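Visitor: Residue numbers (my numbering), protein chains in the order written: chain P, 1 to 312; chain L, 1 to 240; chain H, 1 to 258.
Note that these hints are calculated values from the structure, not bench results. Hints are supplied without guarantee of correctness; some may be wrong.
[Claimed, not checked] Label pairs and their calculated CB-CB ranges: (1) H:154 <-> L:159: 33 to 41 Å; (2) L:155 <-> H:42: 28 to 36 Å; (3) P:249 <-> L:125: 51 to 59 Å.
[Stated by the list, open to error] Reference listing, derived: stretches of chain H covered by chain L, where coverage requires no fewer than 3 residues with Cβ under 8 Å from a Cβ of chain L: (4) 126-134; (5) 215-227; (6) 235-248.
Because the structure is a prediction, the values reported are computed rather than measured. Even glycine gets a Cβ: it sits at the ideal position worked out from N, Cα and C.
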Amino acid sequence: MTLEPMRAAASAVLEGGPGEGEYNFAYLDEQTKRMIRRAILKAIAIPGYQVPFASRDMPMPYGWGTGGIQVTAAILGPDDRLKVIDQGADDTTNAVSIRAFFARTAGVETTTRTHEASVIQTRHRIPELALGADQVLVYQVPIPEPLRFLEPRETETRVMHALADYGLMHVKLYEDIATHGHIAKTYDYPVKVEGRYVMDPSPTPKFDNPKMDNCAGLQLFGAGREKRIYAIPPFTSVKSLDFEDYPFEPNKFDAPCALCGATDTYLDEVITDDRGGRMFVCSDTDHCEDRQASGHRGHLHVDGPAARGTVA
Amino acid sequence: MTTEQTAILRLRDVAKGFVIHLQGGLAIPVVANVSFEVRAGECVVLGGPSGIGKSSILKMVYGNYRIDRGEALVADGGEVVDIASAMPRRLIGLRRTTIGYVSQFLRAIPRVSARDIVAEPAMAQGMGEVEARAKAGELLARLNLPERLWSLPPATFSGGEQQRVNIARGFIAEHPLLLLDEPTASLDAVNRAVVVGLIADKKAAGTAILGIFHDEDVRERVADRIVDVSGFAAHGEAAA
Amino acid sequence: MSDQPLLVAEDLAKYFGARVGCREVGFELYEGEVLAVVGESGSGKSTLLRLLSGQSEPTRGRVMYRMRDGVTRDIVSLSEAERRFLFRTDWGFVHQDAAAGLRMGVSAGGNVGERLMAVGWRHYGKIRSEAETWLERVEIDPARIDEAPKVFSGGMRQRLQIARNLVTSPRLMFMDEPTGGLDVSVQARLLDLLRRLVADMGLAVVVVTHDLAVARLLSHRIMVMKEGRVIETGLTDQVLDDPREPYTQLLVSSILQV
Chain P
1 MTLEPMRAAA SAVLEGGPGE GEYNFAYLDE QTKRMIRRAI LKAIAIPGYQ VPFASRDMPM
61 PYGWGTGGIQ VTAAILGPDD RLKVIDQGAD DTTNAVSIRA FFARTAGVET TTRTHEASVI
121 QTRHRIPELA LGADQVLVYQ VPIPEPLRFL EPRETETRVM HALADYGLMH VKLYEDIATH
181 GHIAKTYDYP VKVEGRYVMD PSPTPKFDNP KMDNCAGLQL FGAGREKRIY AIPPFTSVKS
241 LDFEDYPFEP NKFDAPCALC GATDTYLDEV ITDDRGGRMF VCSDTDHCED RQASGHRGHL
301 HVDGPAARGT VA
Chain L
1 MTTEQTAILR LRDVAKGFVI HLQGGLAIPV VANVSFEVRA GECVVLGGPS GIGKSSILKM
61 VYGNYRIDRG EALVADGGEV VDIASAMPRR LIGLRRTTIG YVSQFLRAIP RVSARDIVAE
121 PAMAQGMGEV EARAKAGELL ARLNLPERLW SLPPATFSGG EQQRVNIARG FIAEHPLLLL
181 DEPTASLDAV NRAVVVGLIA DKKAAGTAIL GIFHDEDVRE RVADRIVDVS GFAAHGEAAA
Chain H
1 MSDQPLLVAE DLAKYFGARV GCREVGFELY EGEVLAVVGE SGSGKSTLLR LLSGQSEPTR
61 GRVMYRMRDG VTRDIVSLSE AERRFLFRTD WGFVHQDAAA GLRMGVSAGG NVGERLMAVG
121 WRHYGKIRSE AETWLERVEI DPARIDEAPK VFSGGMRQRL QIARNLVTSP RLMFMDEPTG
181 GLDVSVQARL LDLLRRLVAD MGLAVVVVTH DLAVARLLSH RIMVMKEGRV IETGLTDQVL
241 DDPREPYTQL LVSSILQV
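Required output: the full structure, derived from the provided sequences and hints.
Guide: Shown next, in the form of structure tokens:
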């Protein structure tokens, strides 16, 4: 075979694709996106089960959310509106970079408003506003295997999942209570999905675990380095593991948000000066700003936009 | 009623020898053509000089030594079991229900008290722990073992003390057949008399007893019949 | 207790290529019975234990086990899930090396409680109190429930391994040189403990050992293995007091008398 027919075939495939010097829509090529979508479909069909996929190299290091980005790239359409959060904030480096990445490679609209977004990629938090049926939450996952630190052999953990052999998971929680008097795990808190697979919710604080349960939106999890995708379909049961006499308890906070006065949100500690001054504010910046805009006030509230960070 | 029906133990042409492979297959014949029976309530004593195979006969009946030829029939309830061919599991059952054995030496079990060692066979026959321990205490008291020793493991006891624990262990349970291998060997006169009394009690209760007693006085007081083992001497026929 | 055997080995053989692991092994084991398998290293006794416990597949023959529902099953035909379930409920396995049978970094309570949690116990207080009961039964001070076995002595580790196995009241225990590597006085304590637990719980046990004293103290029956085959079998005291085979006589005569 000479080179000419091959070139012709190649250009036929590329027809309608990106032009010279352009990226394909959402960076990944269509074959890769199809492969990832197949993995996502399988993950949705088996809630909580970790589906292997051929994770690609992305133009950013592992640990920056390469798994989440590939999932987002595979599901994103031109009409989507994308929100990206790191912790709860839209304005941190990781969130800004990923948002810019898709704005450039897919040309989609981006937003910081939770209710406006159709796809939300997150590193830790689940937005305080309950997800709707038309929204997809994509989690960036560093270590998808909840049994990893109890049983290092991947061959063995796969069998344990297959057989629902999960006694070991409770041994870990037992050890926590024996050592600390309570289950000390505050994030990465293991859950059982639809009564079958034990799943690692990635480094989300356990405060957010209840939001996964019976959630109207689709939740997808991508682990780039570990090459795994898993999912929680809408309205799926997600139960945090616990003991009858030591039931699961979400993190609690002593004070309301200093800016919006909310008492039911996850708070971040913010250092306000170099003399030990600090305040606790909603980690979900959009939610906090929404509340302030509708008149809610915390004790450190300052009128005007971008209150956060200006308190000093 | 014929004697056949009341025989608890019947040996027919039993033979035993050892082959010592470590010494080039040296054959040591022990006994041959051993035939006799022991009836309920009777004490049969094996007689003859030492080394003639008396203990070996007891050990064969207990299943401790294997029987080369012949049969050793034991009445077990309504059934007759041949010790020579019984499966190990059957033998274990027989030892619990039917055949008691007092050896010359106590095989002490680490950390188990004298009293519990004695109580064990009774408990194995279904007696409750409290009752068995009480009965063990009675027997040990009757055998004049000081009460302060009851709670100690007998490993450090003197020979006579160990032997009395062994005797109590052998007499506590209700075995229709009781094998006694020189139970009085290391006892003083007082305790020899106690053992004679215990044997009499067992006989009265219908127990068949097969024993070896070197002490002539004891032998005369307990024996109904003496079977001379010299008559069963084997003559080098078992060479391998 | 049933008059049916609990475990039956039928003409078992295992070959590793041309090399014989074991062959022509057959026996029946009933509830409450302790069977000792004795022989030197390489005699095939560990291979046999792996076959009996379903950890490797026989080249020939089969192992039948009467499950709790009364149905007798071929071990090889069990699914992995069923086999694992057996191993955390109805079976126990005591390893010579406690580290192979324990989670060394997990507390004593967690080690004992693991099986309970695996079969669905979800009450921390109950799991803990059951673990305390078992620590006491194996003579470990319950006050040490939160310590990990890595700080325990060899004897304590072995006792903890036993507690971890017995907590679900199994009917069958496999033991691989349970006293190996322990001091003599520690051995005696462990053996006595095992002897009593086995009797109290009516356990069936297959214990592999090269130590005839262990076999004498623990077992009712004995199988002597040499070069992969059972060369002599019978009541323990019968085989030890009246050994017939040259090899058995050699083994018995090699024991130090004290």
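Visitor: Run every hint past the structure and note whether it holds.
Guide: Now the hints, each set against the structure:
1. H:154 <-> L:159: 33 to 41 Å: holds, 35 Å
2. L:155 <-> H:42: 28 to 36 Å: holds, 35 Å
3. P:249 <-> L:125: 51 to 59 Å: This hint holds: roughly 56 Å between Cβ atoms.
4. 126-134: violated (count 0)
5. 215-227: With 3 residues in contact (Cβ-Cβ under 8 Å with chain L), the coverage given for the region 215-227 of chain H holds.
6. 235-248: Since three or more residues must qualify, the claim that chain L covers the region 235-248 of chain H holds, with 8 doing so at under 8 Å.
Hint 4 from the list above is the single one not met by this structure.
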